Amino acid sequence: MGGEPDGDGSGDVSEISFEEFFRTRRDALRRTAYLLCGDWHRADDHVQAAFVALHRHWRRIRDKAALDAWMRRTLVRAVVDESRRPWRRERATAEPDDRRAVPGAADAVATRHVLVGGLRSVPPRQRAVLVLRFLEGLDVPATAAALSCSEGTVKSQTAAGLAALRTALGDALDDLRPAG
Amino acid sequence: MTDDERLAALFRDAASDPDAPPPAFGHDDVVAASRRITARRRSAAVAAAAVIGLAGLGAAIVLPGSAEQSTSAAAPAPESARDASGGRAGSAELSAPYAADDLESEGPGSADSAPAPPAPAAAPPLGPGDGACADRQDAGLRALVEEVLPDAAGAPPAATTDVCLPGTHRYLALQVDPGGAPGVLSVAYLPPGTVADSAPAPTELAAPTASGGTVLVSATPDGPGPAPYADRLQDLVDHLAPLL
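Chains as they are written, first to last, in the numbering used here: chain A, 1 to 180; chain B, 1001 to 1244.
Extracted from the complex, chain B is given alone in its bound form (with noise of 0.2 Å):
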């Protein structure tokens, strides 16, 4: 027997422990899982627009004849961007409400019919949650990720594990394909006096947050190819970074 053979077979006894637990899950659980989180995306895309929707209707109000005004002076570089993106923030509140249903069924890159998500400028930041254990796939945090990703609008979820990590942290992994670099975009938030002690890989980018937490992005490619979305992270970390 050689080396390999000798190891391979530890291996297997090791993996074929006569004590495992039963699986803990069955194929039942699994379909009515996805389902769940199919119902869960399709409330968060009809939040978020609801959220995008109002925040459009705040900046109607409170700037009205904006064009003329020289607000974005008092804007951050970010908001100003988004501005100038869309007088759609102006103009969400006459064509809403759009079909929100349909947000999940667009594919990534029909997300530049979605109205760009004027958040306003004087929000304070998101910040940490406030859940029992934290949301895998933060709503919120998602809609900061679209306003500068919009093509990942459409992105299903990642896989992660259901372990319960502490509500205060805001967490996102989507599955993203952008431009045939298809791979994990993760997007973590830790709250104030959570320290990253691990080494950041090669495409992960951290930066302090307005709310004195840290923000942590990373992308992570399917195959030997590019990593998705290599080349806008620092956009990503610098347009979080003030929001949360």
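Isolated chain A, as found in the complex (with noise of 0.2 Å):
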């Protein structure tokens, strides 16, 4: 297994490489998970389990370059998967969603709480692609393969997810337009 040492070494070096690419991405990662999902807790599952599936593996990995993109997609997918397990629904959230009730609020902290409040009622997939594409940066080709989808199905989605996030946050932030 990916974390016990090698009689060479070469698990020292292994180890030592993981926990750097830890370090360094953890809390970017948090931040992806914490927009996707909506609550850092669940975040802190979803990048942990994302971690521990990347250690398993974590020595036979060959191109050490395609990790973000992996951890990016796995984390998605962790999320998506999880909101529409039928006892995800029955599991909901016990945090109720009311932070949408702050619109109109200029502060920094109420218009931070208002997008996490409204990305929360836009689908997860929409979701998603709104995640990759203004926190991660991502263009649509990028985001397509994320996703493993069309880089039509990212447009449609992003006009689609601002919509709903428009539609979500009312006047809150106004002036979100549909991206694509």
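Hints in this document: simulated from the structure, not taken from any laboratory.
Given the structure is predicted, the values throughout are model-derived calculations rather than measurements.
Even for Gly, the Cβ is constructed at its ideal location relative to N, Cα and C.
Wrong hints could be hidden among the right ones.
Quick look at which bits of chain A chain B covers, simulated, 3 or more residues with Cβ under 8 Å [what the hints assert, rightly or not]:
{"#": "1", "stretch": "27 to 35"}
{"#": "2", "stretch": "52 to 65"}
{"#": "3", "stretch": "68 to 82"}
{"#": "4", "stretch": "111 to 124"}
Two chains, two separate frames, one set of hints: put the complex together.
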């Protein structure tokens, strides 16, 4: 297994490189997961699970340049998969979604909460498109690759996601416009 | 500032919540969890091998000289297929104990060497789980899946969350790569009374089970290619439904 050191020391090197990747990427991935699922604790669950899966395969991964894409894809898949499962609906988040009750607030904290609350009401795949494009800064082709869909789907999901977000936010952030 | 730039700024700000709790896990937690999963998988492989061996032994005892007995009429079709695939069931007792510890190290495709896992024809359906939280890598469910997809025997678990799901559910998510079509194979068993109210994905199949529950099977490709086992999902659902 990935975490067990080899007699020749390659295991130690492998562990060090994993730890370095973990240290440099954990916080950014937490932020992505947070916007994907709207809850820091669930975000931690998703990111930790992705890192655990990565660690188990770490030594066999040849293309380290693809790690970010793999982690991104794993996170999106985990969040979308969980959100569409019946048990997810049965065990909906304990935190009431009352953040949308702050429209019109002008300060940064309120704006932050308004946006996060609005995102939670956007369908999961549309939300994933928005997060990858506007938080991760991916272009349309990269987003399509991350979500295993066509570029046309990314464009339409972006438009639909922004429309859903705009609807959810009301007048709070009324200058959101579809981008494509 | 363009609309996209403005949106990006809003998203970055929303994700940079200064009131966010500190990370709930560190590098050591990840490594420990990784090792724990590996150890658990090895234990599950050993347990599955033991079940297989016992089932084979049981079949050999109950059906001595089964070759000339017309017992297949009492067995459901999948069982007959398994019987046909192996005198292995009868011989498992002779070759056991095989090196169960090596099951994990065998890559996909090498699982042909694993014994065909014959559950007794009269075995009751697996039914709901009994833990406090559902095991995301249900060993019993995995053993049934591998009866249909033996090349998934060495597949590592796919990433899942640690959220506690009802213990009556069963769940399995494998990172598979059959024939160069990598992706995630997910199998879920929902107990009686639980309704899957979400619209099935294009590669998701559902069927009622023998225990009155529902089995859901889905395959999601890692890339733009085909979903793994896309042409075998129906076989998998057909196999699992009478056994769950």
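Hint by hint, here is what the structure shows:
1. For the stretch 27 to 35 of chain A, the stated coverage by chain B holds: 6 residues have a C-beta nearer than 8 Å to a C-beta of that chain, and at least 3 were required.
2. Against chain B, the stretch 52 to 65 of chain A contributes 5 residues with a C-beta closer than 8 Å to a partner C-beta. That satisfies the three-residue criterion, and the hint holds.
3. Beta-carbon proximity to chain B at under 8 Å applies to 6 residues in the stretch 68 to 82 of chain A; the threshold of 3 is reached and the given coverage holds.
4. Taking a C-beta to C-beta cut-off of 8 Å, the stretch 111 to 124 of chain A contributes 5 residues in contact with chain B, enough for the three needed, and the coverage statement holds.
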